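J.: Starting from the known structure of chain A, fit chains B and C onto it as the hints suggest.
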Amino acid sequence: MTDQMPFGDMLCERIRAASSQAKLCPLSELEAFAAESRPELSVSGSDDTSLGVEALLADTAHKDIHLMRGSVDTYYFSELSMTEAYAKHLYRVAERDPLKLIADTTRDESRMYPRPTPASSFRESPFLLSEKELEEALLAMKEKAEYSDIQSTKASNGELYLFSTQSLVISHAESLAEWMAVGIAENP
Amino acid sequence: MMGTTNDAAQDTSNQKTQTRRDFLKITGVGLAGAFAAAALGCISVDTRDGRKLKAWRTSSGAIVHDPNLCVGCRRCETACTVRNDGKASAYISRIKVARNFNYGAAGVTAAYAVADGQQGNFRLVGETCRQCSHPACGDACPVGAITADKKTGARVVDAKRCVGCGACEDACPWGMATVDPETKKSTKCLLCDGDPSCAKTCPTGALAFYPWEEAEALLFGTDATSGATAVSGASA
Amino acid sequence: MSATFGYTGKILRVNLSTGAISIDDTMKYIDFIGGEGMAMKIMWDEVAAGTHPFAPENKIVFGTGPLCGSGVPCSGRTNITSLLPSNPYHAVSSSHMGGYFSVELKYAGWDMIVLEGRSPKPVWLRIEDDKIRLEDARWLWGKGIFDTMAMIGSQMGKEAQVAAIGQAGENQLNLAVIRTGSSHSAGGHGGILGSKNLKAIAVRGTGSVKIAADRHALMDADKYLMSLIGANNQHVVPRNPQPWAEFTSPTSRWLAKKGLYWGAANPPVETGECYPEDMQSVGLRTQKAIMDLGPVAEKYTVRMGGCAHCPIRCHSQVNIPQLEQYGVDTNVSNTCMGFFSPAGIMINGMPDKPGMEKGEGAMIGRALGAKLADDYGMWCNYGQIGRDVMYAYSTGIFKKVLPAAEYASIPWDKLESGDPAFLIDFYDRVANKKGELWHIADGSYWLAKRWNFGEDYWNDYKYKLWSKLGFPVHHSNEASGQVGALISCFSNRDAQNHSHMNFIQAGLPINLLKEIAAEEWGSPDAIDDIKNYKPMNEGKAKFVKWSLTRSLLHNSLTLCNWMWPMTTSPLKARGYRGDTALEAKFYSLVTGIEKSKEDLDRDSERAFTLFRALTVRAMKTADMRNEHDQTTAWVVTAEKGKDGKDIQPFTPGTDRMTQADMELGRTLVYKEFGWDQKTGAPTRATLEALGLGDVANGLASAGLLPA
Chain A
1 MTDQMPFGDM LCERIRAASS QAKLCPLSEL EAFAAESRPE LSVSGSDDTS LGVEALLADT
61 AHKDIHLMRG SVDTYYFSEL SMTEAYAKHL YRVAERDPLK LIADTTRDES RMYPRPTPAS
121 SFRESPFLLS EKELEEALLA MKEKAEYSDI QSTKASNGEL YLFSTQSLVI SHAESLAEWM
181 AVGIAENP
Chain B
1001 MMGTTNDAAQ DTSNQKTQTR RDFLKITGVG LAGAFAAAAL GCISVDTRDG RKLKAWRTSS
1061 GAIVHDPNLC VGCRRCETAC TVRNDGKASA YISRIKVARN FNYGAAGVTA AYAVADGQQG
1121 NFRLVGETCR QCSHPACGDA CPVGAITADK KTGARVVDAK RCVGCGACED ACPWGMATVD
1181 PETKKSTKCL LCDGDPSCAK TCPTGALAFY PWEEAEALLF GTDATSGATA VSGASA
Chain C
2001 MSATFGYTGK ILRVNLSTGA ISIDDTMKYI DFIGGEGMAM KIMWDEVAAG THPFAPENKI
2061 VFGTGPLCGS GVPCSGRTNI TSLLPSNPYH AVSSSHMGGY FSVELKYAGW DMIVLEGRSP
2121 KPVWLRIEDD KIRLEDARWL WGKGIFDTMA MIGSQMGKEA QVAAIGQAGE NQLNLAVIRT
2181 GSSHSAGGHG GILGSKNLKA IAVRGTGSVK IAADRHALMD ADKYLMSLIG ANNQHVVPRN
2241 PQPWAEFTSP TSRWLAKKGL YWGAANPPVE TGECYPEDMQ SVGLRTQKAI MDLGPVAEKY
2301 TVRMGGCAHC PIRCHSQVNI PQLEQYGVDT NVSNTCMGFF SPAGIMINGM PDKPGMEKGE
2361 GAMIGRALGA KLADDYGMWC NYGQIGRDVM YAYSTGIFKK VLPAAEYASI PWDKLESGDP
2421 AFLIDFYDRV ANKKGELWHI ADGSYWLAKR WNFGEDYWND YKYKLWSKLG FPVHHSNEAS
2481 GQVGALISCF SNRDAQNHSH MNFIQAGLPI NLLKEIAAEE WGSPDAIDDI KNYKPMNEGK
2541 AKFVKWSLTR SLLHNSLTLC NWMWPMTTSP LKARGYRGDT ALEAKFYSLV TGIEKSKEDL
2601 DRDSERAFTL FRALTVRAMK TADMRNEHDQ TTAWVVTAEK GKDGKDIQPF TPGTDRMTQA
2661 DMELGRTLVY KEFGWDQKTG APTRATLEAL GLGDVANGLA SAGLLPA
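Chains as they are written, first to last, in this note's numbering: chain A, 1 to 188; chain B, 1001 to 1236; chain C, 2001 to 2707.
Worth flagging that the hints you see were computed from the coordinates, not collected in a lab.
Keep in mind the model is a prediction, meaning the values are calculated, not measured.
Cβ coordinates follow ideal geometry from the N, Cα and C atoms, glycine included.
There may be inaccurate statements among the hints.
Here are the simulated DSSO-like cross-link-like pairs (lysine-lysine), alpha carbons at most 30 Å apart as the crow flies [said to hold, decoys possible]:
(1) B/K1200 / C/K2642
(2) C/K2642 / A/K144
(3) A/K154 / C/K2640
(4) C/K2257 / A/K100
(5) B/K1151 / B/K1200
(6) C/K2257 / A/K23
(7) A/K132 / C/K2640
(8) C/K2258 / A/K88
(9) B/K1200 / C/K2258
(10) A/K154 / C/K2642
(11) C/K2028 / A/K154
With beta-carbon atoms standing in for the labels, derived distance ranges [said to hold, decoys possible]:
(12) C/D2646 / A/E143: 32 to 38 Å
(13) B/V1163 / C/A2048: 53 to 59 Å
(14) A/N157 / C/A2638: 22 to 28 Å
(15) A/N157 / C/P2403: 35 to 41 Å
(16) A/S71 / C/D2456: 15 to 21 Å
(17) A/R123 / C/K2434: 46 to 52 Å
(18) A/R123 / C/P2268: 21 to 27 Å
(19) C/K2434 / A/T165: 52 to 58 Å
(20) C/G2355 / A/R123: 24 to 30 Å
(21) C/E2246 / B/K1184: 49 to 55 Å
(22) A/R123 / C/E2598: 48 to 54 Å
Calculated Cβ distances over 10 Å to all of chain C for the following chain B residues [claimed, not checked]:
(23) D1049
(24) G1050
(25) V1071
(26) P1142
(27) P1173
(28) E1213
This is chain A alone, in the form it adopts within the complex (with noise of 0.2 Å):
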């Protein structure tokens, strides 16, 4: 049967597999696979298959099916078993820069709810870091200008907040901290 299924709709299949399993797909992966069961589908005088397996995804009029352009790679994701927002994590966490992935989830929660962003879910699915990438990279942003606008604050439990100052006060961003640790939890 997947012999007759054309090729674009195999490697769509491949990417909703992924997506229902929680995980990116990898343009270098679908390469791979299309190096491997169609090389013809390699442009001719080039030996790089990606312009055809992505003008073919292109190409292929599959809705669901969309792609994040990183730098370490190009993933794709199908929106029927997973939100943009989720992918944008997926993203992130694939590009292997934790001090960006800090940031830019920071600033998405400091604009969008508006709310700080406990550090400690960046120890937690789909994030993962551990405790000292997590450590290490907090430190490491202080010193680079681009994340100058995330900032910290600990609620009274010790909890640890971040937060943007491109989106929220620190004035507000502290009491937000001290709402989220200690008064919902005293106001149940």
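T.: Just chains B and C now, kept in the frame of chain A:
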């Protein structure tokens, strides 16, 4: 009122179970009688010692309750009665969760604080109709109002024929058949035409329909996980 | 009485003085919906102003509503209304409990129970369908609630649902509960049953609640509602990122995730991803034990419990073997304040002992306190009792007011060191009315008078008193600024309102909430960013009125206001909209009485205005604005930031209000209700428009109608 050959269960494994059990019981009837029973839903047969016995087609399956998953919301009870009776009730629900809810199947004991139930260890033992291969309720009904449903094989009450005498209620070793005090008609699990309302409504999947062989093992097996002990020497 | 749907049509009346039992017709109160609404009418008609809560002349109304027992999701609650002992004016107030009691009452054929008088000896009320008996309770008197329930169950049958008081209620403490099931308490009215010599009410019902609509129409509505329901408090986004979720909230009660378990189930049950569409995992969404008792409680969680016909399970049911050393049963069930208030009494916290896991000490103490308070039937005045202990202890008042021998006999060292065993001693003294200490259960107003608390008690934020009437914050200014603040100004006890709280904490981004607010209350400015509040406006006033009347509607139907209204939903396809016409839809389907959302809003407004009139009558003044609706001073005083400087109200970083803005808020809310804008009392015109002309006449004859 009884199943026809065309409507009978197609699942041969069901029939195997049925024949195995019922051969033991219907001595002297012979193969032809048993096969007729399997095909028709249920028929009456005469035993050598002159008693009348009914032979039943096996149910397609039964609903089983998992005490470990049950959260005691008892939405199953109203899902059952709203669908089947057009009103909400616990007493006539064909799924009995309220019964063992407070203190477990054993009722109040000196050790209630560590026994089953919400007043104890929180374990909730709901009871479901076993759709017995040889249903005491159906056998006891003096007017033949309980038969195997054509589609599901469930033992169902024909309200038009039921006289509300309570013979089924008295006969069921598991206390499942219940005469509705308001309508004076018997209520028992009818598997909702193959799409049980209780299971659909259960918010944790603690209630589920199992095909007969699995249901039989879960409900009657030595490691039965659901339901209480029969009141007296019951058998399937 | 004609056939009814939803309603059973019957009210059970019991005169405990004479033993007379009679039947009343529910339908004559139909304009007041059910439960709390109908109880307000009964209290207005039948209990004279100035009656003491513990006098035989006081009545107590146990109310269900037309949806209770019908299977509509989250419809298992019981409303209890009577004069409130802890209130300085003994004004009418309601307490509520979940569980299974009200459903059983409906199935026994009763919409409500109205009790009056005082039995010459301890009795319990036995209801088996239409067979009603008063039974001797002398053998139960002095027993805790758990044993009382078991002893009644052994007489009446294991299926009986029991509502009972413990020693605290028997001893007529102001802070006593009526409890049902393993952990469902109605706070504040336990002493009234004690004063009536009524230990318990036990019910067994074999009947049904009739449904007017075609059964499939109700089943379809149920299915629709289930597609909109979230987790506890109608939080509609998960706490942790999930592949299916667009939004998350670190404070969401949608806690389920891969790797999070009911750890003490056998075998352990994984809560898992809980897709919104999956109707077979709804009950797993709220693993609340890790909120109530901390992450350490995961492995002690047997399962989540809750109330009849509610798919959302918010009661943490745990088995903590460590409790054995304190001589209590190891199985404990409770939720929220039930666990939080014992921790409040332990003013120095409950540190982990050597060898314990992180948070284990506090978990043990919370569970121990919950079990003890539930057995004695103690109320905590929504957590205030702990802050009262803190005040009396830190100011040296205990030393002053307790007789020296009593003071010396109290194990203060255990309080100091955070040993939960202090709670065993504390609850025994208080519930059993020993010495002077038990007055801590008088409630804040009476206690402050008796022990001569200073103004700092009322004015310092850390004691969290909301009103000089003696009740604390409960989703007040911290819950959407003026909206929560004003909601808290209209009650006679802590506000117990979640109409607004569920919405603001749903977990959605502020822009989405503002869109929904505009649709519901006519203005996106009905809601602000949390902790960044803007001055009062009309949208907020509409939000306040809606929250107050919806809560009363839920306590009348009876639906759980900890889940309803369904203002939001987890569905992206609906733009996360819920459906606030669902109460009316279910009401119409179940009762066959066609009502629109606006009709029910109007009915709720009628009942709420009657509640207001009851408060006017109890306080013998129409000047509600100044005598009733004011807050304590801290609410309208700027708070200090981390830098020690004042954070000005209506700037980012504070939820404090100003007096002028709150006065404007009162005016705007009075206007929404059509009450007198100067005093906040209902006017004759408004009362008459609501069909409450008799109430207007009653107030006029007492000189209590505004000019």
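J.: Would you mind marking each hint as holding or not holding in the structure?
T.: Hints, verified against the model:
no.	hint	verdict
1	B/K1200 / C/K2642	53 Å, violated
2	C/K2642 / A/K144	26 Å, holds
3	A/K154 / C/K2640	16 Å, holds
4	C/K2257 / A/K100	26 Å, holds
5	B/K1151 / B/K1200	19 Å, holds
6	C/K2257 / A/K23	16 Å, holds
7	A/K132 / C/K2640	35 Å, violated
8	C/K2258 / A/K88	20 Å, holds
9	B/K1200 / C/K2258	23 Å, holds
10	A/K154 / C/K2642	11 Å, holds
11	C/K2028 / A/K154	58 Å, violated
12	C/D2646 / A/E143: 32 to 38 Å	34 Å, holds
13	B/V1163 / C/A2048: 53 to 59 Å	55 Å, holds
14	A/N157 / C/A2638: 22 to 28 Å	24 Å, holds
15	A/N157 / C/P2403: 35 to 41 Å	38 Å, holds
16	A/S71 / C/D2456: 15 to 21 Å	59 Å, violated
17	A/R123 / C/K2434: 46 to 52 Å	48 Å, holds
18	A/R123 / C/P2268: 21 to 27 Å	23 Å, holds
19	C/K2434 / A/T165: 52 to 58 Å	56 Å, holds
20	C/G2355 / A/R123: 24 to 30 Å	25 Å, holds
21	C/E2246 / B/K1184: 49 to 55 Å	54 Å, holds
22	A/R123 / C/E2598: 48 to 54 Å	49 Å, holds
23	D1049	40 Å, holds
24	G1050	40 Å, holds
25	V1071	5 Å, violated
26	P1142	24 Å, holds
27	P1173	19 Å, holds
28	E1213	23 Å, holds
The earlier numbered hints that this structure contradicts are 1, 7, 11, 16 and 25.
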